[in-house]
Amino acid sequence: MARIGSTLAGTIRPERPIASGTNGERRPAALAFLVVLWLSLLVAFGVLVTLIITIIIDGQGQFTWRLFTEFPSSDPDRAGARPAILGSAWVIATTAVMTIPLGIAAAVHLEEFADKKNWFNKLIELNVQNLAAVPSIVYGLLALAFLTMLNVRDKNIVIAGALALSLLILPVIIIATREALRAVPTEIRQGSLALGATQWQTTWRQTLPSAVPGIATGSILALSRALGEAAPLLVLGALVFVSFDPNGILSGYTTLPIQIFNWTGRPQEGFHQLAAATSVLLLGVLVLMNGLAIYIRNRFQKRW
Amino acid sequence: MTTVASTGGPVASAPGRPAPSSPGSTPSNFVGKPRYGEFAIRIILRIAAGITVITTIGILIALLIPSLGFFAEVPVWDFLFGTRWAPRFADASFGVIPLVTATAWTTFLALIVAIPLGLGAAIFLAEYASPRLRKVLKPLLEILAGIPTVVYGYFALQFVQSTVLREWLQLETGAFSVLAAGLVMGVMIIPTIASISEDSMSAVPQAMRQGSAALGANRMQTTLRVVFPAALSGIVAAVVLGVSRAVGETMIVAIAAGNQANLVTNPLQAGQTMTGFIANAALGDSRVGSIEYDTLFAVGLLLFIITLAINFISIRFVRRFREIY
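Chains as they are written, first to last, in our numbering: chain H, 5 to 308; chain D, 75 to 399.
Source of the hints: derived by calculation from the structure; they are not laboratory data.
Simulated pairs of lysine to aspartate or glutamate, DMTMM-like, Cα-Cα distance not exceeding 20 angstroms:
| # | chain 1 | residue 1 | chain 2 | residue 2 |
| --- | --- | --- | --- | --- |
| 1 | H | 306 | D | 273 |
| 2 | D | 212 | H | 183 |
| 3 | H | 306 | H | 191 |
| 4 | H | 159 | D | 366 |
Listed below are several chain H residues computed to face chain D (Cβ distance under 10 angstroms; list not exhaustive):
| # | residue |
| --- | --- |
| 5 | 52 |
| 6 | 127 |
| 7 | 136 |
| 8 | 137 |
| 9 | 153 |
| 10 | 232 |
| 11 | 234 |
| 12 | 243 |
None of the values given here were measured: they were computed from a predicted structure. For every residue, glycine included, the Cβ atom is placed at its ideal position computed from N, Cα and C.
With the hints as extra help, turn the sequences into a complete structure.
Printed below as a string of structure tokens:
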């Protein structure tokens with residue numbers, strides 16, 4: 005364009021080429037903007053790296069098999085996190101069983117069946133949005149009051165912790181599932197309905213299978229949030245000295261985050277190292293769970 | 075997404091379905107046979123959705139009943155505007171303002187960190203990163219979201235407070251500070267803000283970007299003038315969710331902000347937040363029905379009302395600015 009312009013007449017001289025090929029991407033403002041964007045990512049990742057290095061350096065001395073096999077002790081060099089590991093496993097497994105089916109069912113109702121103009125469904129929509137932002141510790145208070153109402157004396161039991169965590173992550177699972185369902189194109193549903201399938205058959209055989217990767221990713225991320233959560237369990241009295249293996253849903257327990265909190269609060273340096281080592285362990289588990297979620301998303305998610 | 079009128083549910087007078095063999099040969103009246111299973115499934119799904127409402131009602135009841143017991147002994151006015159918080163002292167005082175100042179400080183500091191960094195990351199991921207780069211960066215950012223708050227708490231106390239603030243910067247601060255807790259909390263919230271804003275920007279139709287580019291805008295202009303406004307509802311929702319996470323965050327402040335309820339005027343001070351109080355008070359063995367036990371719920375109620383109010387603001391805002399494609 006510029007060449008044609010210059011051959012046509014010398015009088016028409018644009019100050020800069022009409023089409024530069026970069027479309028203004030290299031203007032100073034645009035470049036500065038890009039640098040700022042890069043910096044914000046760099047700062048975030050810088051903190052992440054610093055955090056990981058800190059806990060690895062602090063915890064390396066205590067990251068031994070003893071952490072997996074021993075019970076807590078008043079001597080940091082003999083203490084381990086075995087009951088906390090088992091306790092976390094029990095609590096998370098119970099939470100998953102309680103909350104995932106419920107969350108998916110609620111999301112399917114809202115996304116596929118609910119009449120959006122019905123007051124009840126509007127209320128539920130608003131309510132889920134609100135619940136997602138309720139502080140986690142409030143769910144602890146809810147479970148505490150519920151158990152008090154049932155006259156449960158010993159509130160430090162797996163099922164109680166799982167109840168609090170289930171209600172905590174229920175809105176997370178509902179929102180993730182709704183998003184996954186929403187990403188399935190309407191044409192899929194219309195095609196199925198046009199072939200004579202009922203609405204539930206359409207949901208069960210077309211919409212839900214297409215949304216499974218999104219739902220699985222959301223559920224795993226929600227569970228990993230529950231695994232790292234300590235506040236509601238703290239309110240339920242999970243900060244106790246557990247010298248046995250938790251072995252059922254009515255068993256007493258402590259969890260990894262609670263154990264870390266406990267050891268961080270002790271004055272002795274040895275316990276801080278134990279807290280760091282346990283943090284490394286917890287982070288390792290979470291990275292595996294996140295990795296799985298990401299793998300599922302990247303491997304199975306359809307792009308319509 | 076319900077685009078076709080409801081077909082399920084039993085229809086009382088529905089005749090048998092016409093023979094499926096030769097479509098077109100028999101006139102169909104388009105009424106299916108009654109499907110009771112389908113109807114039952116709908117009821118089950120509706121109940122599942124209803125449980126969320128029951129949860130909210132449960133929270134309200136659980137918080138209100140002990141709070142009523144509390145406010146029978148402590149006047150609401152003294153609770154809301156009192157400036158001394160000493161529930162376990164002999165001359166007990168229940169003024170919640172010190173807890174509120176600590177919460178306000180940690181939230182404020184967290185937002186100063188999280189809003190610019192979170193939005194910057196979101197814009198980069200949504201508008202600039204190539205699909206390959208995005209596939210690497212997004213999971214990394216989500217790892218930041220997946221770090222347990224108790225680990226952030228350890229980091230805030232052992233590294234940010236004792237190493238950075240005290241050893242490197244030589245600031246006059248004690249073992250705990252609102253500053254360390256707030257800064258680390260901000261990092262914790264970055265992925266919350268980034269992820270939701272990014273989703274909302276990625277949801278803006280490609281045609282709008284192409285239209286903008288066709289008019290000669292570069293990517294910065296397209297981002298700031300087309301994509302950002304179009305995604306504003308999601309971005310506001312992200313920031314507000316960040317605020318309520320900061321207000322409700324417990325473990326970081328319980329570990330790093332300290333346990334004395336001070337009127338916080340300076341971020342280098344230690345202070346106990348509302349959540350920090352609940353976490354610490356729950357550690358002590360408080361008898362059901364005692365004033366200590368009821369205090370937990372009174373503070374919990376205040377916390378709940380604050381986050382609820384923030385949320386309603388966000389929802390109203392989202393509705394007003396929502397653009398539908």
